[in-house]
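A.B. asks: Chains A and B are the protein sequences, given in the same order.
First residue of the first sequence? That's 1 in the numbering used here, and the numbers climb one at a time after it.
First residue of the second sequence? That's 1 in the numbering used here, and the numbers climb one at a time after it.
Treat the hints with caution; some may be incorrect.
Claimed, not checked - Reference listing, derived: stretches of chain B covered by chain A, where coverage requires no fewer than 3 residues with Cβ under 8 Å from a Cβ of chain A:
1. 47–54
2. 88–102
3. 150–158
4. 174–185
5. 193–206
6. 215–221
Unchecked claim - A short list of chain A residues far from chain B (calculated; beta carbon distances all over 12 Å):
7. Glu37
8. Thr53
9. Asp56
10. Ser65
11. Ser66
12. Ile97
13. Ala148
14. Gly151
Derived by calculation from the structure, the hints in this document are not laboratory data.
In this text the structure is predicted, and so the values were computed from the model without any measurement.
Cβ atoms here follow ideal geometry from the backbone N, Cα and C, with glycine treated the same way.
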Amino acid sequence: MYSIKIALCFLLILIAGCGNVKNDLSPSGDDKRPSVEAGTTGPSVGQNAPDFTVSDSLGNSITLSSVIALHKGVVLYFTMWCPTCDSQMSYILDNIIPAYPDVVFYAVDYVSATFADARNAEVSNGFAGSGFIVLADTAGTILNTYNATMGTTVVIDKNNIIQMNENFKNGSRLQNVLGSLP
Amino acid sequence: MALLGGAACFFAPQAEAGSCCGGGAAVTLILPKDASAMIDTSLDVERYDGFWTKDGKYLRDQPGTDMSQYRLNLGYAVRLARRWQASVSVPYVWNVNIYPNTSSRVDGPGDTMFSLWYEAFDATMCRLRYVEISDLKPAATFGLSLTVPTGVSPYDGVKSDDITGRGFYRLDGNVLLDKTIYPLSASLFLSYGRYFERPVNREVDYVQPYRKRLGDRAVGTLALSYETFIDYSKFRNRLTYTAALSEVWEGEGTINGDRDTTSGLRKTSVAGTIAWSTLERRWIVRLTWSHSIMRDGWGDNTVASDIYSLGVTHVFN
């Protein structure tokens with residue numbers, strides 16, 4: 001029994017030393033989203049979307065503010081060309097993009113070093129010529145500005161307001177947000 | 001039960017990259033029949049090499065991508081009664097990810113596994129030779145394993161490269177059948193696990209709360225071993241060669257009770273182990289190579305990898 005106690009103590013010390021872990025050991029469903037002041041610019045829902053200019057995978061310069069002016073909304077999906085990304089992008093391609101022809105869908109490649117690399121990844125992963133336009137975020141500008149990670153999905157409406165900024169889930173949340181765009 | 005020390009590391013194959021929602025799972029330890037306790041430590045080096053799409057097509061990583069996970073696993077097993085034993089295994093994880101335009105290195109604890117095992121036999125079931133049909137009766141061990149989310153998960157305010165655990169409790173039911181007729185052994189390990197649904201209110205930032213559950217998980221591993229003896233001066237040692245085939249499957253999860261059709265995975269792996277042990281099997285040193293079959297159809301919606309593992313086990317009487 002002595003050895004069991006030692007093992008348990010070791011574990012408790014290990015677990016207690018890991019602050020983030022408490023979220024998983026006893027997860028909370030409380031809504032802790034901070035309130036956002038309207039009119040400010042930032043990555044949170046309700047804020048004005050930060051503008052950016054990057055190259056797409058064909059070398060064309062893309063500026064968010066110019067695109068928003070021409071569409072009902074903009075979707076940014078952050079990809080690192082992984083299995084989860086592939087599965088979620090395929091879902092969006094098959095089930096969501098056809099239903100929203102007045103919304104532009106960007107796949108933000110934040111791991112390629114050049115737009116040519118992004119093009120190669122787009123082609124080898126089977127998304128060339130698809131409903132996604134691939135943005136080559138070679139400096140991680142969009143990734144950091146929107147505090148994003150793999151699978152993050154951002155929806156920006158025509159008024160440049162962020163309506164969604166969270167991980168892609170099963171598609172229903174994204175469809176709800178797109179369906180209620182002004 | 002001769003090979004369990006060496007084969008234990010087969011029983012928790014990794015299925016997700018540390019940079020991609022997973023990693024950091026603990027291994028399962030099972031104590032030999034005549035032992036009172038066991039300490040195990042192992043170092044795994046997992047190198048990721050491409051992935052399978054949801055429909056089973058194998059794709060290579062981008063040139064310039066190099067993703068690895070290192071795991072230091074510490075385990076302890078103890079006999080509670082004549083037929084009962086318990087174990088705990090704690091991994092510590094390092095993720096090293098290099099992409100064409102950036103890189104990251106993070107470390108942290110992985111998910112911890114507690115196990116309780118019942119041996120449905122009283123004496124060692126090994127046989128020196130086959131004499132009659134009853135000699136083929138395998139040893140059966142039944143277990144329950146609880147995975148506790150002590151790792152850093154996607155719901156802890158971190159980015160994907162920083163993940164060292166999955167963030168969910170999981171309860172597995174396990175069955176191990178094994179038979180040794182010297183010098184050959186065979187074992188079959190089957191496991192079926194269910195993740196518990198949990199609330200999520202945070203990803204990288206706090207988000208609108210929702211409930212999530214990962215899909216049920218099944219693992220099957222078939223291992224065949226051959227044991228031989230080697231002599232160093234007056235000491236006699238054992239060498240065991242093991243080949244294993246392992247299949248991991250995870251069903252689709254749910255978000256707020258609705259199916260998440262983008263989730264779920266499947267992967268087939270093969271593994272080879274060389275284990276050295278003292279004659280009485282008090283010390284075991286093992287070297288394992290586990291390999292994903294990197295071709296179309298050998299996996300769905302998950303990463304392919306090679307895992308190199310070096311482990312040392314000490315068994316107490």
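A.B. asks: Could you run down the list of hints and mark each one as holding or not?
C.D. replies: Verification of the supplied hints:
1. 47–54: holds (count 4)
2. 88–102: holds (count 6)
3. 150–158: With 9 residues close enough to chain A, the hint holds.
4. 174–185: violated (count 0)
5. 193–206: n = 9 at 8 Å, threshold three: holds.
6. 215–221: Not satisfied, violated; 0 residues make the cut.
7. Glu37: 16 Å, holds
8. Thr53: 17 Å, holds
9. Asp56: Consistent with the label, A/Asp56 stays out of reach of chain B, its closest Cβ about 16 Å off (over 12 Å).
10. Ser65: About 23 Å separates A/Ser65 from the closest Cβ of chain B, which puts it past 12 Å; holds.
11. Ser66: For A/Ser66, whose nearest Cβ neighbour in chain B is about 25 Å away, the distance exceeds 12 Å, so it holds.
12. Ile97: Its Cβ never comes within 12 Å of chain B, the nearest being 15 Å, so this holds.
13. Ala148: 7 Å, violated
14. Gly151: About 7 Å separates A/Gly151 from the closest Cβ of chain B, which leaves it inside 12 Å; violated.
Hints 4, 6, 13 and 14 from the list above are not met by this structure, while the remaining hints are.
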